[in-house]
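Using the sequences and the hints, build the whole thing.
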Amino acid sequence: MLKNEIAITPELVADLGLKPDEYQRVLDLIGREPSLTELGIFSAMWNEHCSYKSSRKWLRTLPTTGPRVVCGPGENAGIVDIGDGQVAVFKMESHNHPSYIEPYQGAATGVGGILRDVFTMGARPVAALNALRFGAPDHPRTRHLVAGVVAGIGGYGNSFGVPTVGGEVNFHPRYNGNCLVNAFALGIADADKVFYSKAEGVGLPVVYLGAKTGRDGVGGSTMASAEFADDADEKRPTVQVGDPFTEKRLLEACQELMATGAVVAIQDMGAAGLTCSAVEMGAKGDLGVRLDLDAVPTRETGMSAYEMMLSESQERMLMVLRPEKRAAAEAVFKKWDLDFAEVGQTTNDLRFHVLRHGEEVANLPIKELGDEAPEYDRPWSELQKPAVLAADTVAEPADYGQALLQLIAAPDLCSRRWVWEQYDYLVQGNTVQRPGGDAAIIRVDGTNKGLAVAVDVTPRYVEADPREGGKQAVAEVWRNLTAVGAEPLAITDNLNFGNPEKPDVMGQLVAAIKGIGAACEVLAFPVVSGNVSLYNETSGEAILPTPAIAGIGLLPDVAQNAGIALEDDGDVILLAGALTGWLGQSIYLREIAGREDGGPPPVDLAAEKRNGDAIRKLIRAGRITACHDISDGGLLVALAEMAMAGERGANIHAPEGAAPLHALLFGEDQGCYLLAVAAEEAEAVIAALQNDDVPVQRLGTVGGADLVVEGTLAVPVKTLRTAHESWFPAYMGEI
Amino acid sequence: MKARIIVTLKQSVLDPQGQAIEGALAALGFDGVGSVRQGKIIDIELSDPADAETRLNAMCEKLLANTVIEDYRVEMVE
Amino acid sequence: MKARIIVTLKQSVLDPQGQAIEGALAALGFDGVGSVRQGKIIDIELSDPADAETRLNAMCEKLLANTVIEDYRVEMVE
Amino acid sequence: MKSAVILFPGTNRERDMIAALKKVTDAEPAIVWHAKTALPDGLDLIVLPGGFSYGDYLRAGAISARSPIMRDVVHRAEAGVPVLGVCNGFQALCEAGLLPGVLMRNASLKFVCREVRLEIVNAQTAFTHLYRPSQVIRCPVAHHDGNYFADEATLDRLEAESRVVFRYAQGSNPNGSQRDIAGIINEAGNVLGMMPHPEDLTDPLHGSTDGLALFQSIATTAQEKAA
Ligand SMILES: Nc1ncnc2c1ncn2[C@@H]1O[C@H](COP(=O)(O)OP(=O)(O)O)[C@@H](O)[C@H]1O
Ligand SMILES: [Mg+2]
Numbered sequence: 001m002l003k004n005e006i007a008i009t010p011e012l013v014a015d016l017g018l019k020p021d022e023y024q025r026v027l028d029l030i031g032r033e034p035s036l037t038e039l040g041i042f043s044a045m046w047n048e049h050c051s052y053k054s055s056r057k058w059l060r061t062l063p064t065t066g067p068r069v070v071c072g073p074g075e076n077a078g079i080v081d082i083g084d085g086q087v088a089v090f091k092m093e094s095h096n097h098p099s100y101i102e103p104y105q106g107a108a109t110g111v112g113g114i115l116r117d118v119f120t121m122g123a124r125p126v127a128a129l130n131a132l133r134f135g136a137p138d139h140p141r142t143r144h145l146v147a148g149v150v151a152g153i154g155g156y157g158n159s160f161g162v163p164t165v166g167g168e169v170n171f172h173p174r175y176n177g178n179c180l181v182n183a184f185a186l187g188i189a190d191a192d193k194v195f196y197s198k199a200e201g202v203g204l205p206v207v208y209l210g211a212k213t214g215r216d217g218v219g220g221s222t223m224a225s226a227e228f229a230d231d232a233d234e235k236r237p238t239v240q241v242g243d244p245f246t247e248k249r250l251l252e253a254c255q256e257l258m259a260t261g262a263v264v265a266i267q268d269m270g271a272a273g274l275t276c277s278a279v280e281m282g283a284k285g286d287l288g289v290r291l292d293l294d295a296v297p298t299r300e301t302g303m304s305a306y307e308m309m310l311s312e313s314q315e316r317m318l319m320v321l322r323p324e325k326r327a328a329a330e331a332v333f334k335k336w337d338l339d340f341a342e343v344g345q346t347t348n349d350l351r352f353h354v355l356r357h358g359e360e361v362a363n364l365p366i367k368e369l370g371d372e373a374p375e376y377d378r379p380w381s382e383l384q385k386p387a388v389l390a391a392d393t394v395a396e397p398a399d400y401g402q403a404l405l406q407l408i409a410a411p412d413l414c415s416r417r418w419v420w421e422q423y424d425y426l427v428q429g430n431t432v433q434r435p436g437g438d439a440a441i442i443r444v445d446g447t448n449k450g451l452a453v454a455v456d457v458t459p460r461y462v463e464a465d466p467r468e469g470g471k472q473a474v475a476e477v478w479r480n481l482t483a484v485g486a487e488p489l490a491i492t493d494n495l496n497f498g499n500p501e502k503p504d505v506m507g508q509l510v511a512a513i514k515g516i517g518a519a520c521e522v523l524a525f526p527v528v529s530g531n532v533s534l535y536n537e538t539s540g541e542a543i544l545p546t547p548a549i550a551g552i553g554l555l556p557d558v559a560q561n562a563g564i565a566l567e568d569d570g571d572v573i574l575l576a577g578a579l580t581g582w583l584g585q586s587i588y589l590r591e592i593a594g595r596e597d598g599g600p601p602p603v604d605l606a607a608e609k610r611n612g613d614a615i616r617k618l619i620r621a622g623r624i625t626a627c628h629d630i631s632d633g634g635l636l637v638a639l640a641e642m643a644m645a646g647e648r649g650a651n652i653h654a655p656e657g658a659a660p661l662h663a664l665l666f667g668e669d670q671g672c673y674l675l676a677v678a679a680e681e682a683e684a685v686i687a688a689l690q691n692d693d694v695p696v697q698r699l700g701t702v703g704g705a706d707l708v709v710e711g712t713l714a715v716p717v718k719t720l721r722t723a724h725e726s727w728f729p730a731y732m733g734e735i
Numbered sequence: 001m002k003a004r005i006i007v008t009l010k011q012s013v014l015d016p017q018g019q020a021i022e023g024a025l026a027a028l029g030f031d032g033v034g035s036v037r038q039g040k041i042i043d044i045e046l047s048d049p050a051d052a053e054t055r056l057n058a059m060c061e062k063l064l065a066n067t068v069i070e071d072y073r074v075e076m077v078e
Numbered sequence: 001m002k003a004r005i006i007v008t009l010k011q012s013v014l015d016p017q018g019q020a021i022e023g024a025l026a027a028l029g030f031d032g033v034g035s036v037r038q039g040k041i042i043d044i045e046l047s048d049p050a051d052a053e054t055r056l057n058a059m060c061e062k063l064l065a066n067t068v069i070e071d072y073r074v075e076m077v078e
Numbered sequence: 001m002k003s004a005v006i007l008f009p010g011t012n013r014e015r016d017m018i019a020a021l022k023k024v025t026d027a028e029p030a031i032v033w034h035a036k037t038a039l040p041d042g043l044d045l046i047v048l049p050g051g052f053s054y055g056d057y058l059r060a061g062a063i064s065a066r067s068p069i070m071r072d073v074v075h076r077a078e079a080g081v082p083v084l085g086v087c088n089g090f091q092a093l094c095e096a097g098l099l100p101g102v103l104m105r106n107a108s109l110k111f112v113c114r115e116v117r118l119e120i121v122n123a124q125t126a127f128t129h130l131y132r133p134s135q136v137i138r139c140p141v142a143h144h145d146g147n148y149f150a151d152e153a154t155l156d157r158l159e160a161e162s163r164v165v166f167r168y169a170q171g172s173n174p175n176g177s178q179r180d181i182a183g184i185i186n187e188a189g190n191v192l193g194m195m196p197h198p199e200d201l202t203d204p205l206h207g208s209t210d211g212l213a214l215f216q217s218i219a220t221t222a223q224e225k226a227a
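Residue numbers (the numbering used here), protein chains in the order written: chain W, 1 to 735; chain P, 1 to 78; chain U, 1 to 78; chain S, 1 to 227.
Some clues are possibly wrong.
[Claimed, not checked] EDC-like mimics (lysine to aspartate or glutamate), calculated; alpha carbons at most 16 Å apart, straight line:
| # | chain 1 | residue 1 | chain 2 | residue 2 |
| --- | --- | --- | --- | --- |
| 1 | S | K110 | W | E734 |
| 2 | W | K449 | W | E487 |
| 3 | U | K10 | S | D151 |
| 4 | U | K10 | S | E152 |
| 5 | P | K62 | U | D31 |
| 6 | S | K22 | W | E487 |
| 7 | W | K449 | S | D203 |
| 8 | S | K23 | W | D445 |
| 9 | W | K284 | W | D337 |
| 10 | P | K10 | U | D43 |
| 11 | P | K40 | U | E75 |
| 12 | W | K385 | W | E256 |
| 13 | W | K53 | W | E375 |
| 14 | U | K10 | P | D43 |
| 15 | S | K225 | S | D44 |
| 16 | P | K2 | P | D31 |
| 17 | P | K40 | U | D31 |
| 18 | P | K40 | U | E70 |
| 19 | U | K62 | P | D71 |
| 20 | S | K36 | W | D337 |
| 21 | P | K2 | U | E70 |
| 22 | P | K40 | U | D43 |
| 23 | P | K10 | W | E300 |
| 24 | U | K2 | P | D31 |
Don't read these hints as lab results, they were simulated from the structure. Given the structure is predicted, the values throughout are model-derived calculations rather than measurements.
Shown next as structure tokens:
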């Protein structure tokens, strides 16, 4: 066992991730040398993950309020009002590093963690998303990571019983050494049955629930090196293993328990489980907490206080219960065969006391643990804006048909069916739009309402221009929600960046947050929760800056939605939005012209809002038969996706615009949508759009078996489908 | 020739599967069952006995065992 | 005391996992790998050694093996 | 119609099933916890819904098949009460010995969620008489262990006795199941197990309501019996 009275050396302090000045702060705060357990507690509370010490200053600038916001950042998940006394509870979180080490378990426990964040608040999870970034397809580790991560997400979510309805997958060499696994969960609760982590009342039982504590994840640092451990092998840091079966029981038990009125406060145990959960409950409630670790259910013998306080064992919760309901609460947990143990009490002394074998191993001021965490204003550099790429400097493809086939079969644009078919996207019976469209839609159980969910970011845009890229990510989510007919309500963000101690990387983070904030402001799309993952670097090379944005939208009548599939021959195809032929940072530029340069397409936020609001009105009036926004790959790829989804062709003429044809067809202009409308509606829809000042042009009609751009290309939709569907299974060695 | 590879979870790694089996045995009335851990065996036939042990170890490292959480042992059967 | 239960698929039963491993080993360049079959082991600690063998056999019959498709063997470890 | 849905720890498609039953029978099914030893009286249908009971640990459906409530399920089945097992429920019925064979890991070794073309091979059972013979519907599957296996003699017998009720239509087999079997019935014709999810095909918002006929078949059979 690790002894608590071990000498605190500078090496140990560094090992636990505390900088010398941070350690000095600890000494100043408590006026003595900390015990090992105390040092562990500080290292957990003050690390980047818990304290947001590098990003907090900038996160504060994000818009977090709005008429629908019930609870913004700071709790386990954000909460927005969805009417009829119901709220949506959602959040996204990264599990990047664990997934790189052990892709199946890393991804699985990532899903488990985010589900817990949502049901801790009293909500029943109803949808999950996942945003994944992997290295180059030909990098030796990539295939293994893809296989493991996807299986892990499915393995956990499917068993738990939440439909995984969407996500993103990108490949880029800059993720060779650091894959990204961002998991999102959405739950629904009654507004008057939401639970928070703030404890209230002195002398109340603090109860531990769920799975037993092991050494999982303890000592991610080199803590277990020989000089501390008599038995190095025993103390080896271990990978967390997820148990969706226990999590599912924990969900049901929590829901039953919450219904009994026994719960005063509840907090799931995520990173640095017992430490963060206990401190948070106490500090938020202006209370002290006393924990007796001897009462904590353990799965291994001889665990030290240090190990128990830092264990990241999964599927555990901490609650403060009303004493008179304790027996009823215990009965619920026994029914579900879960551990239930009173491990402490709330106190009135604002201290965090931890006892082990009758000895006090930690005694710290509870509020200061959080409040006094260091906050940095790290130096950051203003990044240079890339020069705008003139479209006419990029060659036209030799063969448009070939170029289209090549694009839709490219790793970043091909069908993700191989991925989502491993996810149960139907469980719960409320899935209205499945993966494959702009946003997924689930019906709110027992109502006519729907919630749409989507996650987006285009890292190559953010890399080229972090501010525009941050804006674009928010705009794209907003647009994808709009494209299915939903009113975008709010977002959660997951900011994945490199080492913030480098001014360039910090500059990316700052600029991206500014862009995100600007877009949220104009689109009235507040941030209600989020997560920051920094230090995604290997051998000095950082990932592409990847601020993933997930958003939710509301459909008052879930039947009034639009999908991307072309449904009826003879429908007229319209383009709404201004097409400029923007090729900078486009997939065409990278895949066909072999270049990655220029600035990303700028987002005109006012136009974005105007176009989207107009289109949503039309969808809700039932006047649109299909809708798809233009994103990666441009207009032609968007139309091909609509044709493939509907298994029918389309015939258009070249769009009008000032740029060369290939730029109009493959440019990635923002704020644009392709619409299909019944022929007899076409004139009226055009008039309605014009009336709302939305640029609109008629492109052609739906029908036939080929995708045709007159005078330019004609490709059978079947050929498109084969190309689109083949890359992933072939890459995974299945065909 | 035949070999058997035995893959087990490392001691400190959680074994949800073993736990569920433990619970089920107790529910079925089997008393005194302590810890249950599940692992797997992989029986392999090799056409060429040369370097069998080395090759089998390589197979374990590369594919058959997830050495982040599992230990393995190679046994020659015949 | 400790026991190990080894559960294997009957010869006549198709083994998708084994087949997949076989294919994957070949793809990794391991030559001369004939049939691969996967099975499982269940390690059990018993607090009371009395009748261990009988009780373990009963556990297998009742739960641990599906005798429609699986064979099992009980080994005493210590 | 009086129905009961059995709930095991880890069951996760009971809500879908309850919604489908309510739609067809206009009555709330009884939810029966696995640790109970007796089902309510006078049932017209017992359902084992989908999910991952006991995490699918050891073998899918193995631990739940040995739950206390299963004695009474077997007892009622023997007395002729219709029993429907979907997905994990099918796996448990096989493990409990109410249906022959076993559902092994998918040949792809991956979980698969997709719509398959499903042929109603026997449209004369109490569960399927409202379908047309050989009708092909699009029905979702979502499972990791749906690869039906039985020895050749059993398979021959199942086919000879028209006990293969559902088959994956040609080219649609998602799991390597022998003879494309998607669902089978017991000798007496009152216990049906199937991997696809008819309960997720009962609302226009699901994209089709072709799953309703299964529940309606059961309901009309129950009505006829009552009359
Ligand atoms: N990891 C994933 N899991 C589930 N669905 C995914 C995943 N990646 C992509 N998808 C789905 O594939 C479709 C296409 O994705 P994407 O090209 O990113 O859409 P968009 O350009 O509209 O944002 C979407 O419906 C998306 O939800
Ligand atoms: Mg889109």
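Now the hints, each set against the structure:
1. S:K110 <-> W:E734: Between K110 of chain S and E734 of chain W the Cα gap is close to 12 Å, so the pair holds against 16 Å.
2. W:K449 <-> W:E487: holds (12 Å)
3. U:K10 <-> S:D151: holds (11 Å)
4. U:K10 <-> S:E152: The hint holds at about 14 Å.
5. P:K62 <-> U:D31: With Cα atoms ~14 Å apart, K62 of chain P and D31 of chain U stay inside 16 Å; holds.
6. S:K22 <-> W:E487: violated (31 Å)
7. W:K449 <-> S:D203: Since the Cα atoms of K449 of chain W and D203 of chain S sit roughly 15 Å apart, the hinted pair holds (cutoff 16 Å).
8. S:K23 <-> W:D445: Cα-Cα ~14 Å, so holds.
9. W:K284 <-> W:D337: With Cα atoms ~31 Å apart, K284 of chain W and D337 of chain W exceed 16 Å; violated.
10. P:K10 <-> U:D43: holds (13 Å)
11. P:K40 <-> U:E75: It holds: about 15 Å lies between the C-alpha atoms, which stays within 16 Å.
12. W:K385 <-> W:E256: Not OK: K385 of chain W and E256 of chain W at ~54 Å, beyond 16 Å, violated.
13. W:K53 <-> W:E375: holds (4 Å)
14. U:K10 <-> P:D43: holds (13 Å)
15. S:K225 <-> S:D44: holds (9 Å)
16. P:K2 <-> P:D31: violated (37 Å)
17. P:K40 <-> U:D31: Outside the cut-off at roughly 23 Å; violated.
18. P:K40 <-> U:E70: holds (14 Å)
19. U:K62 <-> P:D71: Outside the cut-off at roughly 29 Å; violated.
20. S:K36 <-> W:D337: holds (15 Å)
21. P:K2 <-> U:E70: violated (20 Å)
22. P:K40 <-> U:D43: holds (11 Å)
23. P:K10 <-> W:E300: Distance ~13 Å between K10 of chain P and E300 of chain W Cα, so the pair holds.
24. U:K2 <-> P:D31: holds (14 Å)
Hint check: violations occur at hints 6, 9, 12, 16, 17, 19 and 21; the rest are consistent with the structure.
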